[in-house]
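**Student:** All chains should be built: construct the whole structure from the sequences, respecting the hints.
Going down the list, the sequences are from chains S and G. Mapping to my numbering: the first sequence position 402 is 402, numbers consecutive. Mapping to my numbering: the second sequence position 47 is 449, numbers consecutive.
Since the hints were derived computationally from the structure, they do not count as laboratory data. Even for Gly, the Cβ is constructed at its ideal location relative to N, Cα and C.
Facing chain S, a subset of chain G residues (Cβ under 7 Å, in silico):
hint : residue
1    : Leu410
2    : His412
3    : Pro457
4    : Arg539
5    : Pro567
6    : Leu569
7    : Arg576
8    : Asn590
The calculated label-pair distances, taken between Cβ atoms and stated as ranges, are:
hint : chain 1 : residue 1 : chain 2 : residue 2 : range
9    : S       : Gly353    : G       : Gly632    : 55 to 61 Å
10   : S       : Thr209    : G       : Glu609    : 41 to 47 Å
11   : G       : Gln497    : S       : Gly327    : 53 to 59 Å
12   : G       : Ala458    : S       : Thr262    : 21 to 27 Å
13   : G       : Arg433    : S       : Asp291    : 25 to 31 Å
14   : S       : Asp291    : G       : Arg490    : 26 to 32 Å
15   : G       : Ala674    : S       : Asp311    : 51 to 57 Å
16   : S       : Glu190    : G       : Ala674    : 21 to 27 Å
17   : G       : Arg433    : S       : Ala365    : 24 to 30 Å
Residues per chain, in single letters:
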Amino acid sequence: MSTSTAAEVGTLRLATAGSVDDGKSTLVGRLLHDSKSVLADQLESISRTGTPDLALLTDGLRAEREQGITIDVAYRYFATPRRRFILADTPGHVQYTRNMVTGASTAELTVILVDARDGVVEQTRRHAAIAALLRVPHVVLAVNKMDLVGYEESVFAAITEEFAAYARELGVSAVTAIPISALAGDNVVEPSANMDWYGGPTVLEHLETVPVSAEPSGTPARFPVQYVIRHGESRYYAGQLVSGTLRVGDAVTVHPSGRTTTIVGLDVLGTEAVEAHAGASFTVRLADELDVARGDLIAPADDRAPVVTRDVTAAVCHLADQPLVVGQRVLVRHTTRTVRAVVRSLDGADTLGVNDLGRVVLRTAEPVVVDDYAAIRRTGAFLVVDPVEGTTLTAGMVVLPG
Amino acid sequence: MSDSPYALSHLDALESEAVHIFREVAGEFERPVILFSGGKDSIVMLHLALKAFAPAPVPFPLLHVDTGHNFPEVLAYRDRVVAEHGLRLHVAHVQDYIDRGVLKERPDGTRNPLQTVPLTEKIQAEKFDAVFGGGRRDEEKARAKERVFSLRDEFSQWDPRRQRPELWQLYNGRHAPGEHVRVFPLSNWTELDVWQYIARERIELPEIYFAHRREVFDRGGMWLTAGAWGGPEEGEIPQKRQVRYRTVGDMSCTGAVDSDAETLEQVIAEIAASRLTERGATRADDKMSEAAMEDRKREGYF
Numbered sequence: 001m002s003t004s005t006a007a008e009v010g011t012l013r014l015a016t017a018g019s020v021d022d023g024k025s026t027l028v029g030r031l032l033h034d035s036k037s038v039l040a041d042q043l044e045s046i047s048r049t050g051t052p053d054l055a056l057l058t059d060g061l062r063a064e065r066e067q068g069i070t071i072d073v074a075y076r077y078f079a080t081p082r083r084r085f086i087l088a089d090t091p092g093h094v095q096y097t098r099n100m101v102t103g104a105s106t107a108e109l110t111v112i113l114v115d116a117r118d119g120v121v122e123q124t125r126r127h128a129a130i131a132a133l134l135r136v137p138h139v140v141l142a143v144n145k146m147d148l149v150g151y152e153e154s155v156f157a158a159i160t161e162e163f164a165a166y167a168r169e170l171g172v173s174a175v176t177a178i179p180i181s182a183l184a185g186d187n188v189v190e191p192s193a194n195m196d197w198y199g200g201p202t203v204l205e206h207l208e209t210v211p212v213s214a215e216p217s218g219t220p221a222r223f224p225v226q227y228v229i230r231h232g233e234s235r236y237y238a239g240q241l242v243s244g245t246l247r248v249g250d251a252v253t254v255h256p257s258g259r260t261t262t263i264v265g266l267d268v269l270g271t272e273a274v275e276a277h278a279g280a281s282f283t284v285r286l287a288d289e290l291d292v293a294r295g296d297l298i299a300p301a302d303d304r305a306p307v308v309t310r311d312v313t314a315a316v317c318h319l320a321d322q323p324l325v326v327g328q329r330v331l332v333r334h335t336t337r338t339v340r341a342v343v344r345s346l347d348g349a350d351t352l353g354v355n356d357l358g359r360v361v362l363r364t365a366e367p368v369v370v371d372d373y374a375a376i377r378r379t380g381a382f383l384v385v386d387p388v389e390g391t392t393l394t395a396g397m398v399v400l401p402g
Numbered sequence: 403m404s405d406s407p408y409a410l411s412h413l414d415a416l417e418s419e420a421v422h423i424f425r426e427v428a429g430e431f432e433r434p435v436i437l438f439s440g441g442k443d444s445i446v447m448l449h450l451a452l453k454a455f456a457p458a459p460v461p462f463p464l465l466h467v468d469t470g471h472n473f474p475e476v477l478a479y480r481d482r483v484v485a486e487h488g489l490r491l492h493v494a495h496v497q498d499y500i501d502r503g504v505l506k507e508r509p510d511g512t513r514n515p516l517q518t519v520p521l522t523e524k525i526q527a528e529k530f531d532a533v534f535g536g537g538r539r540d541e542e543k544a545r546a547k548e549r550v551f552s553l554r555d556e557f558s559q560w561d562p563r564r565q566r567p568e569l570w571q572l573y574n575g576r577h578a579p580g581e582h583v584r585v586f587p588l589s590n591w592t593e594l595d596v597w598q599y600i601a602r603e604r605i606e607l608p609e610i611y612f613a614h615r616r617e618v619f620d621r622g623g624m625w626l627t628a629g630a631w632g633g634p635e636e637g638e639i640p641q642k643r644q645v646r647y648r649t650v651g652d653m654s655c656t657g658a659v660d661s662d663a664e665t666l667e668q669v670i671a672e673i674a675a676s677r678l679t680e681r682g683a684t685r686a687d688d689k690m691s692e693a694a695m696e697d698r699k700r701e702g703y704f
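**Tutor:** And the structure:
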């Protein structure tokens, strides 16, 4: 069906993280530049003083250029013949931690930068903790500015060892450490001639080849109903399958009502299908005339059902300047459902401040249909929203008991 | 997600994401509208909206901000599409505002920056609460900072420092009366993705996207088409060239590029080999200053 000239390649979504002045913008600029994703007019605009300042490629706002820092997450796109990349370029300042969380929420891989002269610092630990909390499947430790420590293997080895030990404590298993100089271009796209002792891949090579899968095999199907399309006598339930596979003939339960029926038709954006897989947007037709609405969830009618509950325990990262307070009335935005809720408890504390990580217990006004975030990211994730201002307050990740 | 046996292809994943965004808006808002310029991005948006709600019709009207300096082929295309799909079209005319003295013609004749006021007034007058735009983050570095759901205040202003964090695929569309949300379903698409998708889906485009003989003249290193908007001026000599357009906008500031690409395949090959960005090659208004796009977006531009 494709008439395009490019071969079909997959996409890797990744996020960067690191402290201020670790050279994050330079690394991203180097990746874009050396993978030939920077075009002549862009290069010209950052080369007014002679040598291109690669960091300027990514700082898109006036205030960022004025202050020389990255304020907000930005998304970059580049491609090689092997893969396409959607890169969330996130700021390093402590006060913008929420943007690191934003970037990590959709990432399959995160690159954490450290300055070889400073080694593992508090921000490095924080970024590793966020990657662990958000269950980013792959972590790359990029030890930058190796040129400033004489390309010494021992410096790299010590940092790698310290980070790996910390990552193990957090439960992060897959860490790939790469010694680089973003400024000089060592091991970013081209292998370094200055570090013979390093036998691993360059950053780009690793990004091109790291195996990523949509989800573990055997993950049960979860189909949040987004919108009901009525046409003639038929009702089509539209949504995006967030996990698993649905097939015509499957026995399914509509949650939270708990009624069971059978799938009689699947239409994947204009093509009738017998099955559809995670990530696809499509419509479902059911055998029985049930009352199904936006916010409901269709799942297999077997023992792989999600949990229907009004008491939600979750790991959270608080994103807003206004604190989250015990007793506060909030909205919970979960899959395609928004419900009223109250904050029951906060880890023994009374409030949660901006950028704080913690654990919250919420009581919802209506049942929500959840999975453990560790099992299924998108039915385990939710936002806490201020009902008056509409502000996004907190990012939540469901933790089911046992 | 290239290694899972059931992973979607790159274009299928982008399509699925955009459809998901259209349906979220349909489920959450009262009065959405799709900005439609007749350019390739808005054409792809409409195509995605048609798919998202099939077999039912698209539940949103279209809104065109008419600069008065349009390419005739593009207006003809717009009207054909509206009729074909039984859509409702709103038009906000820049010319009306100039005639009323609310806006002033610029000395260079460029009307792109003048679109903001008619756009934002139309949004307020019609009480649109969600406005779909075809903006892509790869277009420009201020746009790279844009959210998929972008809250605008009652003056339609964008404040890049006060954006809501946007996590997972959970879009927060809460807004107060008078505020609205700009929605960008093509956020994660690149120019090449758009062209490859147009080819895959066999989507018809206005002819100006393909190479044709046209009378143009040189202004500031760009080939502009002569027209009632005021070009060419003295000393700007028209000549016939084989050109095509990479973007569609106001005739006074949208440049053509020399090209022999007459088919979609040739256009894709040309873009893949181009060393210039789409806006760098063809948009005079973005060259005005380093922060031209950011400044216009802050004022309510899309």
